[in-house]
Amino acid sequence: MKKILSARFASLSAAALLALLTQGNANAVPSFARQTNLECTACHVSWLELAPTGRQFKLNGYTLGDRQMVPLAGMLQVSRTTTSNVDQSAPDQFPKDGDVVIQQASLFAAGKITDHLGIFSQWTYDGVAHHSNIDNVDIRYAQQIGDKDHGVLLGLTMNNNPGLQDVFNTVPAWGFPFASSPVAVGPNASTKIEEAFGQQVVGVGAYSLWNKTVYAELSGYRTADKAFSVFRAGVPRADAAAIKGLNPYWRLALQHEWAEGEHSVMVGTYGFNVDQYPDGLDPTGPVDRFHDLAFDAQYQYVTDAHRISAQANWIRERQNWDATFPQGGTSNATDTLNTFHLKGTYYYDRTYGVNVSYFSAHGDADDVLYNTGDPIVGSATGSPNSSGYVLELNYLPKRDIRLVAQYTGYTKFNGASSNYDGNGRNARDNNTLYLLLWMMF
Amino acid sequence: MTIHTKSLSRRGLLRDSAMLMASLVAIPIVIISPAARASKASKSDFHYQEQPREGKKCSDCAAYVASPGSNAPGACKIVDGPVNPNGWCMAYSAR
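Note that the protein sequences, when read in sequence, are chains A and B. Take the first sequence: its letter number 382 is residue 382 in the working numbering, and every next letter is one higher. Take the second sequence: its letter number 50 is residue 491 in the working numbering, and every next letter is one higher.
Derived by calculation from the structure, the hints in this document are not laboratory data. Take these hints with a grain of salt, some might be off.
Said to hold, decoys possible - Straight-line Cα separation of at most 20 Å, DMTMM-like style, residue types lysine to aspartate or glutamate; simulated pairs:
hint	chain 1	residue 1	chain 2	residue 2
1	A	Lys-96	A	Asp-429
2	A	Lys-398	A	Asp-349
3	B	Lys-497	A	Glu-262
4	B	Lys-497	A	Asp-349
5	B	Lys-518	A	Asp-149
6	B	Lys-497	A	Glu-260
7	A	Lys-226	A	Asp-275
8	A	Lys-412	A	Asp-87
9	A	Lys-226	A	Asp-147
10	B	Lys-498	B	Asp-521
11	B	Lys-497	A	Asp-304
12	B	Lys-518	A	Asp-66
13	B	Lys-498	A	Asp-304
14	A	Lys-412	A	Asp-367
15	A	Lys-412	A	Asp-364
16	B	Lys-518	B	Glu-491
17	A	Lys-398	A	Asp-304
18	A	Lys-412	A	Asp-429
19	B	Lys-498	A	Glu-262
20	B	Lys-498	A	Glu-260
21	A	Lys-96	A	Asp-66
22	A	Lys-412	A	Asp-374
23	A	Lys-226	A	Asp-282
24	B	Lys-518	B	Asp-501
25	A	Lys-96	A	Asp-115
26	B	Lys-518	A	Asp-115
The whole structure should be built from the sequences, with the hints applied where relevant.
The structure is reproduced here in structure tokens:
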């Protein structure tokens, strides 16, 4: 009897929660939409790319609107990946290729806490790894001071992913592609700021927006351990990086809006200096030092009928292998890695959209680092060089449902166009078609 | 030697933690000033204007809070101050 009552209670609770989540407008992070009464396309060019209204909402600490009793929202992604050439001799490199998978299911707690304090937080179940852990968390405090029209917006952020706090969709944490295959083979080189530390570190920073034009931020990141381990809750300890002390992240951007916000443009720069222990389980001894410097730019044109946006982002990373090189983990004492992303978007009637992007990585060859000898993921030349493009079609039958067809093509992969791994595999063999059903509720 | 290293590391962690917590507490105190305003955004941040734009007006917006009296200025959930029912801003969302 008790079991039956418990089951009924659970069913009713689930139904009540579902009803709560699906009531009213359900857009973008729907709890934000319920808080503001705004539809998703007021804050987003198309979710999740922020429009000027969305940037203001975030910079104001997620506090605009009425506080919700239960600021919860949900997300579900179901996808299918098809790789151009699945190497049957290495099936482990192509898990679930051709299968329909529940890619990700997330629960958000996101909304206004007080008049000046708000939160964006996410807990995610990975349907491929069958594992759940904390995802992005950004707790913000914001306040405007001075003259109403020409004052300063000041804020604090505490988050667990360097760049998560940014309001432009050029930074890796919010850059394109907004969703990608969880199972496709990808290039082996990326800079540290490209989400290497998401859900592994915690940072606190202060930001300001002066006269709606000059945005500046300074943050410091440390390992999310001890009292801060909640920021990496559920992340396997063996997967978590360890960094030494406080590591600075900075941001400067100039932005301008005209024609009542229809047009907006931004040029900016940001950087992240981080000292990382080679072994995350042993945070002692010498560290490798990474210096990331980036320049980015964005343009948006936003109306109901037509929406156009473009982003460019270039990152240069200086890698000093002070710890790894003496142990023979790299061929060079220092390396340089550059990555570049360019993306363009057009949406018609906020319903039909196309994204086109070009990406590249190039840098110093490092045989020990990149020439692992592995088929498919290795590089026979020991090179980090890769390049390619993404073509993506979007259709939103409802504002909170997105259908995506995304094709990723490689012109160069891990150093070469053909026989890049020394086992006869070509770059184009890793081209993928990725189909996605993405729902917010 | 190992014990010594661990001790230094622990002190470092405590110091870093203290800095983070102190920042969290201190900076809000520093930035709160007598000129501080409520949590709503300024009208200019959202390009508010007193006239409709392309037929869209605040009284038709989901964030608009009407006052008693049909033509009296209302309020908004997003921007601060009295709002003209015939006004407009870039956050406009049809009811």
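Against which earlier hints does the structure fall short, listed by number upward? Numbers 9, 21, 25, in rising order.
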